[in-house]
Amino acid sequence: MKIFRSHILIGIDSISQMQKIRDIEKILKAEIKKNGLEEEIKVIESGTLGVFGFGVTMLVYPEGVYYANLDETKIKRIVEEHLLNGRIVEEYKIEPPEAKKDLTIKGKQERIVLNNVGLIDPRNINDYIARDGYKALEKALFEMKPQEVIEEIKKSNLRGRGGAGFPTGLKLSFTAPIEGEKFIVCNADEGEPGTFKDRLIMEGDPHKLIEAMILSGYAVGARKGYIYIRGEYKLSIEIMQNAIKQAKQYGLLGDNILESDFSYDIEIKKGAGAYVCGEETALIESVEGKRGNPRIKPPFPGVKGLWGKPTVVNNVETLSNIPSIIVNGADWYKQFGMEKSTGTKVYTILGHVNYPGLVEVPMGTTLREIIFTYGGGIKGDKEFKVALVGGAAGAFLGKDMLDVPMDFDHLGEYKAVLGSGAVLVMDEDVDILDILENLMEFFNHESCGQCSPCRIGNPTILRLIRKIKTNDNLKGNEWETIEEIAEAMKETSLCALGQSPILPISSALKYFGKELGR
Amino acid sequence: MIVDEIIKKYEPKEENILYILHDIQDSDPQHYLSKEVIKKVSTHLNISLSQIYGVITFYTMLSVKPRGKFIIRICQSTPCHLMGSKSLIEHLEQLLRVNVGETTEDGVFTLETTSCLGVCGVAPAMMINDDVYGNLTPKKVDNIIEKMRDE
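Taken in sequence, the protein lines are chains A and B.
As numbered in the numbering used here, residues 62 to 579 make up the first sequence, in order.
As numbered in the numbering used here, residues 2 to 152 make up the second sequence, in order.
Just so you know, the hints here were simulated from the structure itself, not pulled from any lab data.
Each hint should be verified, as a subset may be incorrect.
[Unchecked claim] From the derived model, a few chain A residues whose C-beta atoms are all more than 12 Å from chain B:
#1 GLU92
#2 VAL121
#3 GLU171
#4 ASP316
#5 GLU320
#6 GLN396
#7 GLU400
#8 THR542
[Stated by the list, open to error] Okay, the calculated beta carbon distance ranges per label pair:
#9 A:LYS137 / B:THR58: 50 to 58 Å
#10 B:GLY85 / A:GLU156: 25 to 33 Å
#11 A:GLU548 / B:TYR11: 40 to 48 Å
#12 A:ARG83 / B:GLY108: 45 to 53 Å
#13 A:GLY459 / B:GLU94: 32 to 40 Å
#14 A:GLU106 / B:TYR54: 22 to 30 Å
#15 A:ASP322 / B:VAL101: 54 to 62 Å
[What the hints assert, rightly or not] Mimicking DSS-like on lysine-lysine, the simulated pairs with C-alpha atoms at most 30 Å apart in a straight line are:
#16 A:LYS295 / B:LYS140
#17 A:LYS331 / B:LYS87
#18 B:LYS14 / A:LYS285
#19 B:LYS14 / B:LYS36
#20 B:LYS36 / A:LYS81
#21 A:LYS216 / A:LYS365
#22 B:LYS70 / A:LYS443
#23 B:LYS148 / A:LYS135
Each residue gets a CB set at the ideal place from its N, CA and C atoms; glycine is no exception.
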């Protein structure tokens with residue numbers, strides 16, 4: 062193997078692509094060649110580097126230096142001064158907060174889902190294999206019975222990262238004993254505002270998801286899996302399709318996987334823009350080629366799902382935990398996180414923070430640490446006001462919640478949710494009424510209209526909020542009415558969409574009743 | 002004709018409908034699904050016209066109305082809203098002299114709003130056809146639109 066004295070990581074993701082990172086990469090390679098450094102320095106295309114808002118960035122090893130806002134002139138200087146002469150160009154450097162830098166660069170043990178993201182080339186299956194990829198599959202197929210795979214996942218206490226936190230092993234165990242045709246479905250219809258972790262997982266480490274899908278299929282006895290990706294995620298679709306093709310070439314998908322008796326195939330389905338399709342039964346309808354109207358539950362998909370067959374639906378992040386659990390065992394996995402919420406959680410940090418981005422931290426990490434350590438604190442020396450955690454269907458968490466461990470159970474105690482893991486941070490200047498109006502516009506737009514509470518409730522709440530906003534002929538009981546409607550929606554709506562508005566509304570009123578004129 | 006080729010590419014199964022509709026719409030210079038096209042898909046998949054129409058109108062990415070060469074989809078979800086997308090929408094309406102949902106007279110631009118695009122790290126953001134643009138300011142928007150006009 063060739064030894065390089067320096068490696069440069071270029072993070073290709075949807076965000077960097079739009080900043081023309083490919084052009085910069087070409088210039089970089091040309092400059093390296095021009096200076097005769099091709100044998101010494103290797104440029105690696107990888108998934109996201111997890112740092113946003115700084116234009117085109119790259120990461121130079123072994124020093125671990127981030128260079129930001131790159132253009133042709135800067136590249137030329139970096140090649141000349143840093144790569145050729147070993148002097149770091151301080152003025153182009155950015156310093157992500159220490160903890161985050163650590164996490165990104167060293168790939169600490171806490172990175173289970175993202176352990177390869179930003180380090181491997183997602184378009185090359187060999188990169189994944191070199192980092193123990195498909196080892197879990199080999200272990201499962203040749204050393205474990207399907208039931209043992211389920212037991213291991215059960216023992217790990219892995220819970221669904223899509224929002225509800227349902228135990229993944231238990232879900233698998235519902236479907237496994239049922240005879241006949243079954244399906245595995247991966248929910249990659251990531252539409253919760255402020256969430257982009259699943260996209261970056263797929264774009265940074267697609268084979269991990271494929272391996273997890275095969276393992277799930279083996280565990281329950283399914284022979285076909287579908288990954289439903291939202292239509293807007295062009296790059297994710299392309300990378301996943303390429304990864305499936307490669308896995309087929311390597312005999313990891315298709316008939317008699319690794320010459321075992323097990324056969325399994327994966328197909329990608331493309332969404333077309335509908336938030337409600339993130340709801341599992343709506344998603345199933347959409348995979349079947351219908352309008353994404355949620356179904357009545359029960360029966361749950363595990364018993365009656367895709368085309369009426371038992372179907373296990375899991376989120377991208379949930380699935381991406383499975384290969385590590387199978388390779389390292391449930392006991393290893395349980396050392397991370399909390400007792401009842403084991404493992405890690407991937408968060409997207411955004412809004413008024415210095416470093417918007419993506420982090421994976423143990424379950425139970427506090428909001429304070431996420432915002433102030435990993436997010437680098439509030440932008441422009443302003444005060445922290447509140448964070449909307451878990452997406453639009455999440456809750457506002459104020460200063461009093463900064464030190465509560467964030468996991469399914471602790472947040473549940475405070476009527477909050479982990480949700481999708483989006484942490485939208487707001488500074489002191491934010492107008493909460495304006496944010497609530499925006500949230501209600503969102504729910505109103507995305508309601509599928511199938512059940513009355515959601516179809517009628519959302520526009521009614523929106524109208525009332527607009528009345529309050531314009532101070533239009535107020536009776537004084539508007540907030541009471543809004544809460545009543547949202548509560549009724551929670552009780553009577555068919556799916557999570559209609560059940561959601563109560564969370565942001567009641568949590569906003571808890572903190573900002575006075576500001577909202579209650 | 003392209004539409005026939007696209008339809009033939011997929012097995013006549015209901016589950017392929019979104020792929021077929023996406024591909025046809027992408028191949029159409031006006032980015033929409035015409036009555037004639039819907040009829041063809043209906044025959045190929047053996048699904049009623051009303052059902053297909055129901056599917057198309059359910060999903061925001063699909064349209065039964067002719068649209069411009071460039072479809073601007075500006076995100077209005079909370080993270081982008083927090084970072085100022087509302088004023089950008091107004092700016093675009095003025096710049097293009099259309100309201101959201103409309104196409105410019107010359108048929109070049111259609112202005113639409115969208116829910117979260119999943120690029121919130123660089124909010125506010127928009128998509129023009131398949132490309133994403135982030136960290137937008139009115140000036141940046143002006144430049145992008147101008148460049149597109151020249152194309």
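- Message: Please verify that the nearest CB of chain B lies beyond 12 Å from A:THR542's CB.
- Response: Given a closest Cβ separation of 23 Å, the condition holds.
- Query: Does the hinted range 22 to 30 Å hold for A:GLU106 and B:TYR54 at CB?
  - Reply: violated (43 Å)
- Query: Given the hinted pair A:LYS216 and A:LYS365, is their alpha-carbon gap at most 30 Å?
  - Reply: holds (26 Å)
- Would you check whether the claim that A:GLU92 is not at the interface survives, using Cβ distances to chain B and the 12 Å cut-off? A:GLU92 is indeed farther than 12 Å from all Cβ atoms of chain B, at 26 Å.
- Message: Please check whether the beta-carbon of A:GLU400 is more than 12 Å away from every beta-carbon in chain B.
- Response: Holds, since 32 Å exceeds 12 Å.
- Given the hint that B:LYS14 pairs with B:LYS36, test it: the Cα-Cα distance must not exceed 30 Å. Distance of about 20 Å is within 30 Å: holds.
- Query: B:LYS70 and A:LYS443: Cα distance at most 30 Å?
  - Reply: Cα-Cα ~43 Å, so violated.
- Message: Between the beta carbons of A:LYS137 and B:THR58, is the distance compatible with 50 to 58 Å?
- Response: Given a distance of about 52 Å, which is inside 50 to 58 Å, the answer is holds.
- Query: Just checking, A:GLU320 versus chain B, shortest CB gap more than 12 Å?
  - Reply: With a cut-off of 12 Å, A:GLU320 remains clear of chain B, as the shortest Cβ separation is near 29 Å.
- Per the hint of 45 to 53 Å, is the separation of the Cβ atoms of A:ARG83 and B:GLY108 within bounds? The hint (45 to 53 Å, Cβ to Cβ) is violated, given that A:ARG83 and B:GLY108 are roughly 30 Å apart.
- Taking C-beta pairs only, is A:GLU171 more than 12 Å away from all of chain B? Fine: 21 Å to the nearest Cβ keeps A:GLU171 off the interface.
- Message: Does A:LYS135 sit within 30 Å of B:LYS148, going by the straight-line distance between their CA atoms?
- Response: Since the Cα atoms of B:LYS148 and A:LYS135 sit roughly 25 Å apart, the hinted pair holds (cutoff 30 Å).
Hints 12, 14, 20, 22 from the earlier list are contradicted by this structure; the remaining hints agree with it.
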